[in-house]
Amino acid sequence: MVKFSRRSFLQASGLAAAGLASPVGMPAVLRSAQAQSGPVKLGCLFSSSGTMANLEGRLNYVVKMAADEINAKGGVNGRTIEVLVSDPASDWPLYAQTAKQMLQQEKVAALFGCWTSVSRKTVLPVVEQEGGLLYYPLHFEGDENSKNVVYVNSPPASSVLPAVDYLMSDDGVSAKRFFMLGSDYVWPRTINKQLKGYWASKGIPESAWKEEYVPFGFSNFQTLVNQIRAFADQGGGQPVVVLTVVGNSIPDFMREFANQGILATDIPVLGLDMVEADLEGLDTSKLVGHLNCWAYLQNAAGPANEAFLKSWAGYVGANKVPFSPDVSIDPMVSAYDSVHLWAMAAAKAGSFDVPEVSKAFAGLSFDCPSGYKISMTGENNYVARGVFIGSVNDKQGFDILWQSKDTPTPVPFSPYG
Amino acid sequence: MKHWFLPSFLFGLLAGAWLLPAPAAQAAGLDRAGLVQDLCGDAGAMGRAGAALTATAATGSDDERAWAAPLARAAIDRKLACDAAGAVLTEGGLDALTRAPREAQGTPRSPLLSLKNRPVYELADAAFALRGAPDAGRRAAALRTLERRPALIPEGLLDMAAEAEGDAGLKAQIEALAQTAALNAADPAARIRALSRVADNRSRRALTQVTALAQDPAYASNPEFRAAVDAATARIERGIAIGDALATLYNGLSFASILFMAAIGLAIIFGLMGVINLAQGELIMIGAYVTFMVQQGLRHAAPALLDWYLILAIPAAFLVTAAIGIALEALLLRHLYRRPLMSLLATWAVSLFLVNLVRVVFGTQNLQFETPFYVSGGVPVIGDFIFTWNRMFAIAFAAVTLALTWLVVRKTPLGLNIRAVTQNRDMAACIGIPTRRVDMMAFGLGSGLAGLAGLALSPIYSVNPQMGQNFIIDSFMVVVLGGVGTIAGTVVAALGIGQINVLIEPLWGAVAAKVIVLLMIIGFLQWRPEGLFAVKGRRK
Amino acid sequence: MTPVSRDRPFLALVAILVIVAVAMPLLAGTPFALSRYLANAIGQLASFAVLALALDLIWGYLGILSLGHGLFFAMGGYVMAMYLLKHSFVVTGTVPDFLQFMGWKDFPFYWAGFDFFPYALAVAVAVTLLVSGVFGYVSFRSRVGGVYFAIITQALVYVAMLLMFRNDTGFGGNNGMTGFSVLFGWPMGTSGMITALSVVSLLVLASVLLGCRLLVGSRFGALMLATRDDETRLRTLGYETLRLKLIVWCLSALIAMVAGMLYVPQVGIINPRLLSPELSLEIAVWVAIGGRGHLVGAVIGALLVNAVKFWLSFAAPEVWPFILSGLIVLVVLVFPNGLIDLAKLKLVRPMGARRMAAELEEAR
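Chains as they are written, first to last, in this note's numbering: chain C, 1 to 417; chain E, 1001 to 1540; chain V, 2001 to 2364.
Next up, chain C with everything else stripped away, as it sits in the complex (with noise of 0.2 Å):
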């Protein structure tokens, strides 16, 4: 065994205490000095790598790009948005880390962040024992209701159940027999749960449905797709395809289908996390019909998207941001709106104290780029939002099959599951 000396043995250790003297270290007293003036700091929860890198990443943009238009017009309350960026690395704990580090060292007003229901559910009890307040900018499975998260998306009541009510209508393809095929976590599970109580209430028997589950990152559809062809040809009723795969396995499955040949006039599918981005890199002649539903989607009419994409666009040029300037996802809109909702709030309540802010929600509205007036009552943190039916086009993108007339009040907890 070597003999240390102890110079050696000091620096060694001098190394260590060093990087525990780091910013991570500096006293808490310190921190909190700043943070009564100057800018009032926001904090993102987004992976710019790992799984989710290539959807949650965006988000992190378009966050600062509205911190950027409310700067303009002068901040929030007299003072200007900082954002603050970190990178989870779709590691889920590491979600939780970064949120107790911005929540508790860098005392940040409120966190946009999440995409995964599992990245959620992790920082959830992160927020509350916190008391901080996290922005949730996707559709999900609801069945949660926290004073601590703003669920600016869809719970499956205006998100899942239009689409499959769509589906299974004579204007759509009446359809009959299910194949429910979803990556193996809290998302998938919960949407299906509560889908086959809804068909159970509308008398559907269990024959008619089939639920698959694959690992996160799977990407080998082979056989799962031959499944799907068989349980097609079956008989007993047009058969459609719930999809509930998240990241890369939404384009290796579409990937697989058309391959075999099926075409979405044989068999449907309804890609529930499926958006514009998932369809680069597809060759989509041969995916033309499938359908997807969210609260926004890029080729929404009206004014307020196209100032949105025009900001986008520049944004990206402006500031090189590695993303496409031309593709505009639902949860880009939402963390854009999330933002504009905070500042409402905020201002409204002349503080940035989360009770203080929370209590303002009540009558808040905003003009989404979707063309509707997005609203929050008092009742719950839900937003109400518009819902589309989107239906593949051959230019990697949805054409808007059908849209809802105004923004249905959002249902958190389903009767179905």
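The set of hints was computed from the structure by calculation and includes no laboratory data.
Note that the coordinates shown come from a computational prediction; the quantities given were computed from them, not determined experimentally.
What you were told as hints is all true, and nothing was included just to trick you.
With a Cα cut of at most 30 Å, we get these calculated DSBU-like pairs of lysine-lysine:
| hint | chain 1 | residue 1 | chain 2 | residue 2 |
| --- | --- | --- | --- | --- |
| 1 | C | 73 | C | 348 |
| 2 | C | 107 | V | 2309 |
| 3 | V | 2309 | C | 41 |
| 4 | V | 2086 | C | 193 |
| 5 | C | 310 | E | 1079 |
Residues of chain V placed beyond 12 Å of chain C at every Cβ, according to the derived structure:
| hint | residue |
| --- | --- |
| 6 | 2026 |
| 7 | 2126 |
| 8 | 2129 |
| 9 | 2144 |
| 10 | 2250 |
The beta carbon of each residue, even a glycine, is placed where N, CA and C say it ideally should be.
Starting from the structure of chain C, add chains E and V where the hints point.
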């Protein structure tokens, strides 16, 4: 006999709920104005317009058909602009009703076909094309579209088209299709004929269709009919069984070829130097990215050759990754000679570096690849088995790679040196083989093979910076199971793992299959650690 | 080997750990108190250091590299999480998420009894010993070693990850388990609880350090080193190396399990990511960077690398992977003994000589 159109045909027959009334010969003329108005209406109106178009295609006069044909196509391609004054065909800028040149007024709306209406319009468009298109190829394509939805084919269309058809082969096909539709006709002889044609396509849809006939009153009453139905059922079931077996073999072979290509480079390197190259997955990823760059380059420089980018990228992918491998060996691994555990960590560091470098340079999104004709779509062969071209490409590529690698290792001086150094490094050095140079070249070869794997995988998997990590554990297992340093071992291990995985998958799911296979390998290795085909020589 | 009482750096490290552990609760409430975030971070770092010690024990002193120690870490973590969830359920009545979204009415049968901590602990120890014992016995008996062993441990932890990702195994699947509200009857999340957990982690680290040091300083430790350097020779002398390796392997697994049990309550969630092959590889990196074969080195390596990672993943997330890969390459090439070399500032030794020395150390 072409098997591939009958499956879609029979699927259409099953979709009885979609049966639209196929109108008998329409005595009254076509209401052109009403049709255009319906085209610009809601989904129901568009449905009515679709039905009218189909009827016109079947029984309309030549004049009417010529007028109506572009409307169907325009609706499908969204080249119809509806405004206050009616509609405009945007291709050519003609008014839909009068075909006079007109600009669309105000903010025109382009109607979108719902999923229910889309097949109707596609059918109408195909029906028009079948009777009216000048080009035989176009008519053949139209016939294929019609075969997808036979229940919607209006009565009389096929007979009229057959009559007017000049091309003999196509005429025969049209008549065959017409006959097959006679499955539910009145005449039992026609039904039996149709039955034998249906049974030619041995798929599950056909089976469902035919077994449904067992409920038909004619089954009980007519012994000839019953015999025909039973014979058809038996034939179809045999075909399905064969198809399923073939599908399992094919899927297993395709998975095995992917495993093989990912692992062969690793096998050579590990056999030679005892180094497990954790950066192998990233070399695969770089091979795919190089392929992408070649595609982009061709797009700008020589667009005519764009479809061949996969072939043209072969030397590029090989050389670039080989160069990276050689650099890796010369700069890093050379100094870690005889320290395999440290080199493992070092290669992991390199893999981390490469993933993030590519991420920073190219971004995290999936790359957009063109799908050339030779890797898109598939060919139904028998039963429900479809031969997809992209996986066939991978299998063929793997076979060629195998052959070339075997050639290099067995027939070239470099290969001889590699084998010698693998078996006994010190002795090989003693007799004058430049072991360090052999190491470098072999590493280059192994890395180049990984690059080729990336090329072959680009039509199958999404290409992004993380893609390499999906292959690492599997390639290790193939190498370690097959026996280090042997090509035969790698092939057998890849085939075994691929096939077993595919066999288990439909029973217990993909994850269980992977878990079981890995546990089996771990168990096997405890019993026989040197793998299936061990190279005789001192184990490092 | 230097006796413990004269091993200055070692004693200094233990002293520092104990001092910090004692100071934290004393300073609480004063203006010099550590922030909750920092206290929590220290606790997590301490549990990583315990994990690094577990690996250093078998890698530095036995020469067996395991790239699957995350498995035992996760075993401890999962059992702790099960205890916390069941206990929280019994005390507060909140039903865990995974039960809800799977639509299950009750906990699966294998969850029974987990609200009783000694039972949970016993299960953790039993499972860890079973898995490590069986795997170790079968591997060592067939003389599987070196790179093969490392790869197989990677595959093992990967298999475990795939299994745990499945929601129907009843351990929360991809979502993992979170929402731990109560520990031993006290609410979690309070400053007091955070400090207490951190202090416990530090004290456990100090005791494990002491224990390992005593072990490797004893006669048994000499046998371990002999096994590392030349197992064949040791066997020729008549020693039963299989039993020796098995004992140390199981001990190492238990230490990793303890680390997991400390980690999970402090991070507030457990998730199959703990079983990712990358994390298990990183443990080896911590030990390599700190200096393997020196317990102090392992602890410092773990503390340093993770502290930098915490800091950078917030301050400059894009940069961290590059820094990590650079650090690994640097250590592997230039400082084969990790930070120990740096501390001794032995850069001037010619590469060749140093390489030879390192090769001798790594006989396989």
